[in-house]
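Q: Listed below are the residues making up each chain.
2 protein chains.
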Amino acid sequence: MKNRPVQIGIVQMSCEAEKSLNLEKAALQIRHLARQGAQIICLQELFATPYFCFEENPAYFDLAEPIPGPSTEYFQALARETQTVLIVSLFEHRAPGLYHNTTAVLNADGQYLGKYRKTHIPDDPGFYEKYYFTPGDLGYRIFETAYAKIGVLICWDQWYPEAARLTALHGAEILFYPTAIGWEPDETEAVNQEQYQAWQLIQRSHAVANGIPVVAVNRVGLEAGTLFWGGSFVSNAFGSVVYQASHTQEVSYVFPLDLAQSEQYRRIWPFLRDRRIDTYAPLTQRYLGD
Amino acid sequence: MKNRPVQIGIVQMSCEAEKSLNLEKAALQIRHLARQGAQIICLQELFATPYFCFEENPAYFDLAEPIPGPSTEYFQALARETQTVLIVSLFEHRAPGLYHNTTAVLNADGQYLGKYRKTHIPDDPGFYEKYYFTPGDLGYRIFETAYAKIGVLICWDQWYPEAARLTALHGAEILFYPTAIGWEPDETEAVNQEQYQAWQLIQRSHAVANGIPVVAVNRVGLEAGTLFWGGSFVSNAFGSVVYQASHTQEVSYVFPLDLAQSEQYRRIWPFLRDRRIDTYAPLTQRYLGD
Chain A
0 MKNRPVQIGI VQMSCEAEKS LNLEKAALQI RHLARQGAQI ICLQELFATP YFCFEENPAY
60 FDLAEPIPGP STEYFQALAR ETQTVLIVSL FEHRAPGLYH NTTAVLNADG QYLGKYRKTH
120 IPDDPGFYEK YYFTPGDLGY RIFETAYAKI GVLICWDQWY PEAARLTALH GAEILFYPTA
180 IGWEPDETEA VNQEQYQAWQ LIQRSHAVAN GIPVVAVNRV GLEAGTLFWG GSFVSNAFGS
240 VVYQASHTQE VSYVFPLDLA QSEQYRRIWP FLRDRRIDTY APLTQRYLGD
Chain B
0 MKNRPVQIGI VQMSCEAEKS LNLEKAALQI RHLARQGAQI ICLQELFATP YFCFEENPAY
60 FDLAEPIPGP STEYFQALAR ETQTVLIVSL FEHRAPGLYH NTTAVLNADG QYLGKYRKTH
120 IPDDPGFYEK YYFTPGDLGY RIFETAYAKI GVLICWDQWY PEAARLTALH GAEILFYPTA
180 IGWEPDETEA VNQEQYQAWQ LIQRSHAVAN GIPVVAVNRV GLEAGTLFWG GSFVSNAFGS
240 VVYQASHTQE VSYVFPLDLA QSEQYRRIWP FLRDRRIDTY APLTQRYLGD
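Protein sequences appear in the order of chains A and B. Position 111, counted from 1, in the first sequence is what numbering that gives the first Met the number 0 calls 110; the numbers after and before it change by one each time, with no gaps. Position 52, counted from 1, in the second sequence is what numbering that gives the first Met the number 0 calls 51; the numbers after and before it change by one each time, with no gaps.
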């Protein structure tokens, strides 16, 4: 089998209050990664703003913008300049009073390839996302970029094997997760470690189940009572962590993946061959016990 | 929340050529574990015979028996004697020329509660299971035992998040995987470790995704060119390995689980609440890319 190398760029950053500053910060890192050979660069979830979902406040809807729109265009120019594919997570204003948590994908020539809207929306103390984000209605999809066919899911989607499977079945060669997750600063180290491990584990399992690499890019730093835990990582197509970022530092990093590994792993462990699709229809049920 | 302790017994063994010897060996360990307080005891996949699927040989169909049948009755008596729930993996002769890889579940009073037939059937060099085992047609199910509502899946099923999810949605409080998996003896240590890690990882991920503990019981020892890797383990409801057995030794072990943890984990991480069941219908498709 011939190698199919692709260079993945990760930007793990802390966020400023001003959107323009975050865009500049991201741009600086994108140019830096492009000079190091990055071909597909993923930014973390909602990198353009502070994590505003820590409270329910209607004023924060002002942070949203159309996609495509000003920020999309800003990064389209940057994609063209650096010849990189960019995965750009933004707060989408779709219509009056209708908002989504959305990721735009831009091709290496600056073309806007389309968007994915976060399907699974969390809601728990400090993460009041159901207030802000209408559940996505674009389904699971892939984007045929200059360097690979990529699937994009967003944060809470990462806990759902269904979402990863469906994106893989569409032909994704890499699964990207822009995400924003963190610890309560006053929890014990044991609880924190178990939460991080579970978070990394479930995403590595999507790599194993589907035979494709997974790239998770997380926010870092303390914001409004949450210590975003960084720890962005790359899993190969068989669930091995081949790169992991710091829990406390901003990071920009280029990591090579060989997409030919998927054919190799799937040949040895042919899980897709043996799916019992005749037995899966009840997955569309909420619960089967009662 | 009140604790709901249950004592899990694991029997990880190597197998003799004679079925009667393997039954006696299992019975010895079951009595031993019962004296230590075990309440639900899981035996590994096809523990009653050598792993005959290393080649395609019609003579091996003679190893199959009806379920219920002689071996089921043998363990029913033992369940009654020891007041333990027994999870008993056997080669099932269902009708002339029709065979399954099946697990019987016996209640602590000796009652036969029913059986589960392996749904996902592997086939690769040294594991020619498609020759022997007709794919299961009983669907995913749970068994209401004296100590817990348990779900049972078998070996290759473990790679499929769909199977774990459906069993959990039926109300399983613990997921058991009798299994038989091993290494090629001449592979590198790096490959072996990656394979074991992926195997453990995917099963731990079912615990995370569904908020229930997972118990995997694997065969150990060298048989016909495969080094069965033991390494039976228990994962708590959030994917942490709380017990792991040796890769080379026979093991019988009692491990306590607190089933109240599931309510606790699912309350903190309410994945079941947010499943987007309106988007999962395409999971019944083989592939969506072409």
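Simulated from the structure, these hints should not be mistaken for laboratory data. Cβ coordinates follow ideal geometry from the N, Cα and C atoms, glycine included. It cannot be assumed that every hint is accurate.
Said to hold, decoys possible - Taking lysine to any residue pairs in the SDA-like style, the calculated list, with each CA pair at most 20 Å apart, reads: (1) B:129 with A:265; (2) B:129 with A:276; (3) A:148 with A:257; (4) A:24 with A:72; (5) B:129 with A:271; (6) A:129 with B:271; (7) A:148 with A:263; (8) A:129 with B:273; (9) B:24 with B:266; (10) A:18 with A:56; (11) B:18 with B:58; (12) B:18 with B:138; (13) A:148 with B:18; (14) A:129 with B:266; (15) A:148 with A:265; (16) B:129 with A:257; (17) B:148 with A:148; (18) B:148 with B:4; (19) B:148 with A:289; (20) B:148 with A:226; (21) A:129 with B:277; (22) B:129 with A:277; (23) B:18 with B:82; (24) B:148 with B:111; (25) B:129 with A:129; (26) B:18 with B:92; (27) B:148 with A:276.
To be verified - Over the 12 Å line for every Cβ pair with chain B, so calculated as not near, a few chain A residues: (28) 17; (29) 48; (30) 69; (31) 97; (32) 145; (33) 167.
Q: Take the hints in turn and mark each one as holding or not.
A: Right, here's what the structure says about each hint:
This hinted pair checks out: residue 129 of chain B and residue 265 of chain A have alpha carbons roughly 18 Å apart, not beyond 20 Å. About 17 Å separates the Cα atoms of residue 129 of chain B and residue 276 of chain A, which keeps this hinted pair within 20 Å; it holds. With a C-alpha separation of about 13 Å, the suggested pair residue 148 of chain A and residue 257 of chain A falls inside the 20 Å cut-off, and the hint holds. For the proposed pair residue 24 of chain A and residue 72 of chain A, the alpha carbon gap of about 16 Å is at most 20 Å, so the pair holds.
Distance check on the hinted pair: residue 129 of chain B and residue 271 of chain A sit about 15 Å apart at the alpha-carbon level, within 20 Å; holds. A C-alpha spacing of about 15 Å is found between residue 129 of chain A and residue 271 of chain B, which places the hinted pair at or below 20 Å, so the restraint holds. About 18 Å separates the Cα atoms of residue 148 of chain A and residue 263 of chain A, which keeps this hinted pair within 20 Å; it holds. Our distance criterion of 20 Å between C-alpha atoms is met by residue 129 of chain A and residue 273 of chain B, whose separation comes to about 10 Å.
A hinted pair counts as satisfied when its Cα atoms are at most 20 Å apart, and residue 24 of chain B with residue 266 of chain B does not qualify at roughly 42 Å. Between residue 18 of chain A and residue 56 of chain A, the direct Cα distance comes to roughly 18 Å. Compliance with the 20 Å bound is thereby established for this hinted pair. Only pairs whose Cα atoms come within 20 Å are accepted, and residue 18 of chain B paired with residue 58 of chain B is accepted, the gap being roughly 15 Å. This hinted pair does not check out: residue 18 of chain B and residue 138 of chain B have alpha carbons roughly 28 Å apart, beyond 20 Å.
About 51 Å separates the Cα atoms of residue 148 of chain A and residue 18 of chain B, which puts this hinted pair outside 20 Å; it is violated. At roughly 17 Å between alpha-carbon atoms, residue 129 of chain A and residue 266 of chain B fall within 20 Å of each other, so this suggested pair holds. Straight-line distance between C-alpha atoms of residue 148 of chain A and residue 265 of chain A comes to about 17 Å, which keeps the hinted pair within the 20 Å bound. For the proposed pair residue 129 of chain B and residue 257 of chain A, the alpha carbon gap of about 32 Å is over 20 Å, so the pair is violated.
This hinted pair does not check out: residue 148 of chain B and residue 148 of chain A have alpha carbons roughly 42 Å apart, beyond 20 Å. A distance of roughly 13 Å separates the Cα atoms of residue 148 of chain B and residue 4 of chain B; the hinted pair therefore holds under the 20 Å criterion. Proximity of residue 148 of chain B to residue 289 of chain A is assessed by CA-CA distance (about 13 Å); at most 20 Å being required, the pair is judged to hold. With a C-alpha separation of about 38 Å, the suggested pair residue 148 of chain B and residue 226 of chain A falls outside the 20 Å cut-off, and the hint is violated.
Between residue 129 of chain A and residue 277 of chain B the CA atoms are separated by roughly 17 Å; this keeps the pair inside 20 Å, and the hint holds. Restraint check for residue 129 of chain B and residue 277 of chain A: the C-alpha separation of about 17 Å stays at or below 20 Å, so the hint holds. Restraint check: the Cα-Cα separation between residue 18 of chain B and residue 82 of chain B comes to about 24 Å, which exceeds 20 Å; the hinted pair is violated. About 15 Å separates the Cα atoms of residue 148 of chain B and residue 111 of chain B, which keeps this hinted pair within 20 Å; it holds.
Between residue 129 of chain B and residue 129 of chain A the alpha-carbon distance is near 46 Å, which puts this suggested pair outside the 20 Å criterion. For a cut-off of 20 Å, the pair hint linking residue 18 of chain B to residue 92 of chain B stands: about 15 Å separates their Cα positions. For the hint linking residue 148 of chain B to residue 276 of chain A, the alpha-carbon distance of about 26 Å lies beyond 20 Å, and the restraint is violated. Residue 17 of chain A, annotated as away from the interface, keeps every beta carbon of chain B farther than 12 Å; the closest lies near 32 Å.
No beta-carbon of chain B is positioned within 12 Å of the beta-carbon of residue 48 of chain A; the least distance is around 23 Å. The Cβ of residue 69 of chain A lies farther than 12 Å from every Cβ of chain B, with a closest approach of about 30 Å, so its non-interface assignment holds. The beta carbon of residue 97 of chain A is kept farther than 12 Å from every beta carbon of chain B, the shortest such distance being approximately 18 Å. With a least beta-carbon separation of about 18 Å from chain B, residue 145 of chain A lies farther than 12 Å from that chain, consistent with its non-interface assignment.
Non-interface call for residue 167 of chain A relative to chain B: violated, since the shortest CB-CB distance, roughly 9 Å, does not exceed 12 Å.
The earlier numbered hints that this structure contradicts are 9, 12, 13, 16, 17, 20, 23, 25, 27, 33.
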